[in-house]
Amino acid sequence: MSDQHFLHVESLTKHYGTNAVVKGVSFDFSKGEFISLLGPSGCGKTTILRMIAGFEIPSAGTIQVDGEDITVLRPNQRRLGMVFQAYALFPNLTVGDNIGFGLKVAGLGREERRARVEEMLKLIGLPDFEKRFPYEMSGGQQQRVALARAIAPRPRLLLLDEPLSALDAKIRVSLREEIRAIQRELGITTVFVTHDQEEALSISDRIVVMNAGNIEQLGTPHDIYNRPATRFAATFVGHLNTLPAASFGPDRAIRPELISLTQRPDTDTTLSGIVSDIGFMGSVLRLKVDVADVRLSIDTFNANSTPPQRGDAVTLHLASRDVLALGA
Amino acid sequence: MTNTAAPVAAPSVRSPRRLSFEWLGVAPFVIFAVMFLILPTLYLVGAAFIGRDGQLTLENIAGLFTDQILAAYWISIRISGASALLGAIAGLAIALAIIRGRLPDSLRSTVMTFSGVASNFAGVPLAFAFISTLGRLGLVTIILKAVFDIDIYRAGFNVLSFWGLTLTYLYFQIPLMILMIAPAIDGLKKEWSEASQTLGASALQFWLYVGFPILWPSFLGTLSLLFANAFGAIATAYALTGSSLNIVPILLYAQIRGDALQNPGLGAALALGMIAITALANIIYLVISARAERWMR
Amino acid sequence: MKPRKFWPWLVFTLGAAYFLVPLIATFEFSLKMRRGYYSFDSYASVFSDPAFQATFAYSALIGVFAIVVGIVVVVPAVYFVRLRLPHLRPLMEFITLLPLIIPAIVLVYGYIRLYNSSSIVPFTGSALGTDILLICGYVTLAMPYMYRAVDTGMRAIDIKTLTEAAQIMGADTLRIITSIILPNILVAVLSGAFLTFAIVIGEFTIASLLNRPAFGPYLQNVGANRAYEPSALAIISFIVTWGAMGMIQLLARFAPRSAPRTD
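Protein chains in written order, with our numbering: chain V, 20 to 347; chain H, 257 to 553; chain C, 210 to 472.
Just chain V, same shape as in the assembly (with noise of 0.2 Å):
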């Protein structure tokens, strides 16, 4: 049982004074699992993982781990690891000290902290970095080695708080699936708190997209994209298109990759639009085509052969049972 309620987090609920940041959210998830808090500025994800952390008080509810009630009980008792935006790395301490922190606080031997940090540098691939100084190394080692000093203590659960949010832009993409792929390797249950969606989808397990501290959908990225239960969970993660009232009825939905210039087998409804805007995006070729009184966004590989042009009529084709029906 302890294995699949791993993290427990029952009716979570903070307020501020008067206005609720989060209201009663609960959810549950297995030992090694990779999740990820997905929303807007201020849908509470970070204030979540702060009260998981331990920073925070919950107003109302429980946190459990691994069996053992952690709501009240002080960070430094908790044994968990976390990861901040701002690195955080002491600036006065040495790569190696830095890393060696979480143990050194934890009693052990020199030696033996010597050896726990050395395997920690050979896993984030800096291993000659332990004489290093946090000012000598650029905003992605330095988010590597917070890794590590997160994890070389060997805690229960790694909670991660936009970590990849203030790198540039190719980093973020290398640096994420790094951290995935130690995340795998170890094993450790992994809360990660992100605004940006694709980072979501593209590393985790499940996803909890989150609005104005509810829950809006818990499900694998592909449900999410695919199934969304909510109106904010659809129009939140990817792109969507609102079809024309006057031919599929109100709140018709589609995403843009679902749409075509040409007929598949499964499509069986056709519009007329002219084309608006074309955008080349590499692999991607974006276009915004209006049909009836609503503009589309169309997205097509790349094909390797003449674009459509601005003002050029077109015909999309699209299956009718990828039509999402938008909730609340």
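The hints are simulated quantities; they were obtained by calculation from the structure and are not laboratory data. Take the hints with a grain of salt, since some may be wrong.
Computed, partial: chain V to chain H, Cβ under 8 Å [claimed, not checked]:
(1) Phe103
(2) Ala107
(3) Phe109
(4) Ala264
When the alpha-carbon atoms are kept at most 30 Å apart in a straight line, the in silico BS3-like pairs for lysine-lysine are as follows [stated by the list, open to error]:
(5) H:Lys446 x C:Lys214
(6) H:Lys445 x V:Lys150
(7) V:Lys189 x V:Lys150
(8) V:Lys189 x H:Lys446
(9) C:Lys241 x H:Lys401
(10) H:Lys446 x V:Lys123
(11) C:Lys214 x H:Lys445
(12) V:Lys123 x H:Lys445
(13) H:Lys445 x V:Lys141
(14) H:Lys445 x V:Lys189
(15) V:Lys50 x V:Lys141
(16) V:Lys150 x V:Lys123
(17) V:Lys150 x H:Lys446
(18) V:Lys123 x V:Lys141
(19) V:Lys50 x V:Lys123
(20) V:Lys189 x V:Lys141
(21) V:Lys123 x C:Lys214
(22) V:Lys42 x H:Lys446
(23) V:Lys189 x V:Lys307
Sample of chain H residues lacking proximity to chain V, with all beta carbon distances greater than 12 Å (derived) [to be verified]:
(24) Ile306
(25) Gln311
(26) Ile345
(27) Ile441
(28) Pro469
Where is the CB? At the ideal position from N, CA and C, for every residue including glycine.
Given the coordinates of chain V, assemble chains H and C onto it according to the supplied hints.
Relative to the frame of chain V, chains H and C by itself:
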């Protein structure tokens, strides 16, 4: 779009008229600095090496090593050291309390404003204030006697003394410390203490391994500054202890006023000694702050 | 939670006591001039003292001059160094650091020796000359603060871009400084001005050694000769300093800023 307005080229590339204009702007400053800062100081430094006969000599410097003068330097060093050390520790404690002690925000801005005022409140009025407080008829002296039956003067205390002066100096040393160390304490990012907590450290361990080590250079540097500050101060001492406490500035004052040492060359040497000590303290301050900057990027 | 907040409150309270008690004691003492009950007699005595009025007025006037000279000396220099002569910046920083290293008493000793009646520039030969020396001495004392205030003010408004924009529209340097730069750094300059004033008003060492009828020596004199007036003067002095500092805080709210550039 190329930047045409403000090149920092060598003078030869620019037209002479342009060149003279900007130097004209800096000229008042340079002339002023030379006339009222650099020349007078250099003059004194030079005068320290000129004997009574007008010849170059080291006898003035040697003349510093008399009992009276060495005693004056020693007392100055002790007062400056005592007030600097106590002021630094007290200032650090107060700054930590208002910045990281989770006290109301309004307290912090009040303390900072007050520190700005108090650090400028040195001199004659400060001496009056402490006489009114701890003098023989001072309020605190009277209250201690009347309410707690403690006669501090019978116990040996006297506000017109080494410790009285040190206590008085703290009134501007502590605020100076608070003002100078506050930015460094602000620089202790919240994430660092949070990170240390997630790694299992107690508050004490955080301060021991991270907090104080980071503050240490700023603390040490400001300590030097406080030392230099006290060493050069005279007005407070003059008004409080007069010539009963022979610190170097008092000695110099007496020399300037009435040629008490009967030897202008010696007076210059005295001034040179002062400059040397305050310069050393300030250099230490600059070097240590520069090193501390490095960590903070 | 309780024990966590105990120590900060204790430290704060002890600190507050140390700083407030002398003020209270001084004020209380200043009220004791009339035997038997509290009164403002000592203040009345002070304010009606012609020497008080004369020396305060003198120091205030000297202060104003010191402010003006300070502005004329510092502002153009900071402007040109920031704009055209950045390699002079370290030198400027060093020079403005010197007054903090060289004690006032050493400075005035230098003045007296260098500019006495038998030198090329006999400042101390006349009252006016000595006044000028006094003003310049105060400008020197206040220079580190004036420099920092003006420098910060100019950095906040990014004078480089402002100057370039004005030049493209045809303005010459003098016009740029007077119509564009000065108004925008007015707040910073005023901060420096108030600080200068605070320094000048209570200053003793230079005024006393140059034998000028300033407020500082007057305070010293009263302290040596009267019993209750010194405390009244101390309170007045404190209020004046607090007023000047308070103005600086107030001004800080009105300081203009434009988008920061990398500096």
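Structure-based check of each hint:
no.: 1; hint: Phe103; in the structure: 5 Å, holds
no.: 2; hint: Ala107; in the structure: 4 Å, holds
no.: 3; hint: Phe109; in the structure: 5 Å, holds
no.: 4; hint: Ala264; in the structure: 48 Å, violated
no.: 5; hint: H:Lys446 x C:Lys214; in the structure: 18 Å, holds
no.: 6; hint: H:Lys445 x V:Lys150; in the structure: 23 Å, holds
no.: 7; hint: V:Lys189 x V:Lys150; in the structure: 27 Å, holds
no.: 8; hint: V:Lys189 x H:Lys446; in the structure: 28 Å, holds
no.: 9; hint: C:Lys241 x H:Lys401; in the structure: 19 Å, holds
no.: 10; hint: H:Lys446 x V:Lys123; in the structure: 21 Å, holds
no.: 11; hint: C:Lys214 x H:Lys445; in the structure: 20 Å, holds
no.: 12; hint: V:Lys123 x H:Lys445; in the structure: 21 Å, holds
no.: 13; hint: H:Lys445 x V:Lys141; in the structure: 28 Å, holds
no.: 14; hint: H:Lys445 x V:Lys189; in the structure: 27 Å, holds
no.: 15; hint: V:Lys50 x V:Lys141; in the structure: 25 Å, holds
no.: 16; hint: V:Lys150 x V:Lys123; in the structure: 17 Å, holds
no.: 17; hint: V:Lys150 x H:Lys446; in the structure: 25 Å, holds
no.: 18; hint: V:Lys123 x V:Lys141; in the structure: 20 Å, holds
no.: 19; hint: V:Lys50 x V:Lys123; in the structure: 27 Å, holds
no.: 20; hint: V:Lys189 x V:Lys141; in the structure: 22 Å, holds
no.: 21; hint: V:Lys123 x C:Lys214; in the structure: 28 Å, holds
no.: 22; hint: V:Lys42 x H:Lys446; in the structure: 26 Å, holds
no.: 23; hint: V:Lys189 x V:Lys307; in the structure: 27 Å, holds
no.: 24; hint: Ile306; in the structure: 49 Å, holds
no.: 25; hint: Gln311; in the structure: 54 Å, holds
no.: 26; hint: Ile345; in the structure: 21 Å, holds
no.: 27; hint: Ile441; in the structure: 14 Å, holds
no.: 28; hint: Pro469; in the structure: 5 Å, violated
Violated hints, in rising order: 4 and 28; the structure is consistent with all others.
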